[in-house]
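Asks: If you want the building blocks of each chain, they are given just below.
There are 2 protein chains.
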Amino acid sequence: MYRYKITFAYDGSNFSGFQIQPHKRTVEQVLKNAVNKIAKHPTPEIPVIGSGRTDAGVHALNQVAHFDIPYHLSNESMRKALNSILPLDILIKKAELVDSDFHARYSAHNKTYRYRVDQGEFVNPFKRNYTAHFKYPLDLTLMRKAAKNFIGEHDFTSFVASGSQAKSNVRTVYKIDIKRDKLRNEVVFDFTGNGFLYNQIRIMVAFLLEIGSKQRPVDDVKRVLAAKDRTQARMTAPASGLYLVSVDYGNDRESD
Amino acid sequence: MYRYKITFAYDGSNFSGFQIQPHKRTVEQVLKNAVNKIAKHPTPEIPVIGSGRTDAGVHALNQVAHFDIPYHLSNESMRKALNSILPLDILIKKAELVDSDFHARYSAHNKTYRYRVDQGEFVNPFKRNYTAHFKYPLDLTLMRKAAKNFIGEHDFTSFVASGSQAKSNVRTVYKIDIKRDKLRNEVVFDFTGNGFLYNQIRIMVAFLLEIGSKQRPVDDVKRVLAAKDRTQARMTAPASGLYLVSVDYGNDRESD
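Chains as they are written, first to last, in the UniProt record's numbering: chain W, 1 to 256; chain H, 1 to 256.
In short, the hints are calculated from the structure, not lab data. Misleading hints may appear alongside valid ones.
The list treats identical chains as interchangeable, and a pair is accepted whether it falls inside one copy or across any two copies.
[Stated by the list, open to error] With a Cα cut of at most 25 Å, we get these calculated SDA-like pairs of lysine to any residue:
1) K228 / I176
2) K93 / G120
3) K93 / N185
4) K127 / R53
5) K228 / H41
6) K127 / D55
7) K127 / V188
8) K24 / A226
9) K135 / A9
10) K93 / N124
11) K127 / I85
12) K37 / E76
13) K135 / A226
14) K94 / Q232
15) K182 / V245
16) K228 / A166
17) K80 / K135
18) K135 / T7
19) K80 / V123
20) K80 / R128
21) K145 / E210
22) K94 / Y130
23) K127 / R184
24) K127 / L183
25) K135 / E96
26) K182 / R116
27) K24 / P42
28) K127 / A9
My request is simple: use the sequences and hints to build the entire structure.
Replies: Dropping the structure here:
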């Protein structure tokens with residue numbers, strides 16, 4: 001068997017998220033269909049293992065997955081073969097033959113997510129699926145100050161959705177960048193951490209938007225983290241603004 | 001009765017074009033529903049008259065329409081009332097009370113269309129509905145030289161789709177701008193004319209792409225215009241790249 005790591009982008013608008021669900025169009029299902037077609041439909045079917053799930057409507061610029069296949073193809077042939085089968089809202093950017101101990105989920109060191117907030121007066125019809133919309137003025141200095149309190153290892157119980165099945169809510173956030181994109185009239189948040197809980201980024205973004213628009217005091221992150229109580233952070237920002245930017249595997253051990 | 005002119009944007013991806021068709025979601029139908037809701041569903045229904053049709057998948061940045069309604073609302077109230085009813089893929093940018101002799105179609109002096117061509121190696125999942133994809137190198141100098149031959153009054157019989165019901169194929173093109181957008185890795189065409197025939201822009205763009213990629217000689221526009229034969233210009237560029245940018249009414253006579 002040959003193990004391939006694939007790096008791919010998708011527009012999440014028309015997917016019911018990453019994970020396979022019966023009768024739903026999901027990223028995992030579409031990828032699995034393509035891989036099994038290339039492998040000439042073996043029994044049992046070849047599974048495709050992603051670095052993690054994304055929800056319905058969430059996008060990816062460089063999601064990662066792996067699979068094992070009984071045929072050897074050059075990296076470029078594998079990439080082309082997959083792209084020739086896949087629909088246009090998913091694009092394989094890279095395919096790499098890797099060691100059999102590479103695992104898309106377990107080998108991941110950290111992940112970076114982006115969240116785009118459009119600041120136009122109205123919802124832009126061309127951005128409705130690609131940003132969140134928040135028309136009120138945002139004070140970036142306040143949000144950056146508040147975001148510093150998320151950095152480091154914390155119990156994020158107050159910032160996880162109720163559906164989470166994680167054993168522990170302790171995660172480490174390494175970096176949060178908040179920038180204004182004047183050309184696009186957006187505020188853009190970049191988060192890097194060793195992993196994020198279910199809806200964690202979207203709850204943190206909604207919380208920072210409340211601080212940036214002065215609906216919450218700037219030091220409220222500390223208080224709410226300490227409370228370990230989901231009801232303290234009430235809002236979840238919409239899926240449309242969220243992008244998985246990259247998955248970092250440290251020193252990848254690649255062959256081929 | 002009060003006549004309102006509305007200026008609006010729409011993402012054409014999920015519309016079966018502008019014109020009302022049975023059992024289809026069209027821009028005209030969605031607007032008509034909103035206007036008749038505001039007018040409390042009068043009999044007969046109030047029609048909405050657009051400046052012209054756009055095909056399925058074609059976008060608009062500033063399309064124009066008018067309608068007559070028995071109630072007076074301020075321009076701002078009309079805009080807000082419509083936006084509160086309309087779906088998010090259509091946005092009213094402006095509503096203006098106008099004289100009753102204003103007509104969205106007949107009063108139009110000229111129109112500007114844009115066509116966006118993505119030059120990436122692969123179809124970008126986030127641009128698949130918003131650009132055409134053409135990966136081969138394009139010589140802008142050749143395309144600009146060729147485009148000059150479209151300028152002026154011509155019989156565009158060679159550049160009209162077979163479904164056209166126009167009485168005359170004579171139109172005047174005032175201006176064609178062709179630019180490279182380096183940031184987006186696109187080539188962008190802007191066309192201004194006194195009106196365009198069915199699929200005319202998309203056929204002209206496909207023709208210019210053939211010239212820019214050296215599949216046709218630069219002086220072929222002249223020859224094919226003179227031939228007045230649709231079979232000479234074989235290709236039609238896809239709807240996804242086309243945007244109605246603006247409709248110019250000269251000196252608008254507005255009241256309110």
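Asks: Look at each hint and say if it fits the structure.
Replies: Structure-based check of each hint:
1. K228 / I176: within (21 Å within a copy, 61 Å between copies)
2. K93 / G120: This pair counts as between: shortest inter-copy Cα distance 12 Å, intra-copy 32 Å.
3. K93 / N185: between (28 Å within a copy, 17 Å between copies)
4. K127 / R53: both (23 Å within a copy, 23 Å between copies)
5. K228 / H41: So K228 and H41 fail the 25 Å test inside a copy (48 Å) and across (52 Å) alike.
6. K127 / D55: The answer is both: 18 Å in one copy and 21 Å across copies each meet 25 Å.
7. K127 / V188: both (14 Å within a copy, 20 Å between copies)
8. K24 / A226: Neither way: K24 and A226 sit 39 Å apart in one copy and 53 Å across, limit 25 Å.
9. K135 / A9: between (28 Å within a copy, 18 Å between copies)
10. K93 / N124: Close across copies (10 Å), not inside one copy (29 Å); limit 25 Å.
11. K127 / I85: between (28 Å within a copy, 19 Å between copies)
12. K37 / E76: within (17 Å within a copy, 56 Å between copies)
13. K135 / A226: Neither. Shortest intra-copy (30 Å) and inter-copy (53 Å) distances fail the 25 Å Cα cut-off.
14. K94 / Q232: Result: close neither inside a copy nor across copies, 41 Å intra and 40 Å inter.
15. K182 / V245: Both: 21 Å inside a chain and 22 Å across chains, each within 25 Å.
16. K228 / A166: Within one copy only: 15 Å inside a chain, 69 Å across chains, cut-off 25 Å.
17. K80 / K135: between (42 Å within a copy, 15 Å between copies)
18. K135 / T7: Classified as between; 21 Å across copies, 34 Å inside a copy.
19. K80 / V123: Close across copies (12 Å), not inside one copy (37 Å); limit 25 Å.
20. K80 / R128: Intra 31 Å, inter 18 Å, cutoff 25 Å: inter-copy only.
21. K145 / E210: Within. Shortest intra-copy distance 13 Å satisfies the 25 Å Cα cut-off; inter-copy 54 Å does not.
22. K94 / Y130: both (23 Å within a copy, 24 Å between copies)
23. K127 / R184: Close inside one copy (10 Å) and across copies (16 Å); limit 25 Å.
24. K127 / L183: Classified as both; 14 Å inside a copy, 18 Å across copies.
25. K135 / E96: between (43 Å within a copy, 24 Å between copies)
26. K182 / R116: both (12 Å within a copy, 22 Å between copies)
27. K24 / P42: within (23 Å within a copy, 41 Å between copies)
28. K127 / A9: Answer is both; intra-copy 18 Å and inter-copy 12 Å each pass.
Hint violations for this structure: numbers 5, 8, 13 and 14, all remaining hints satisfied.
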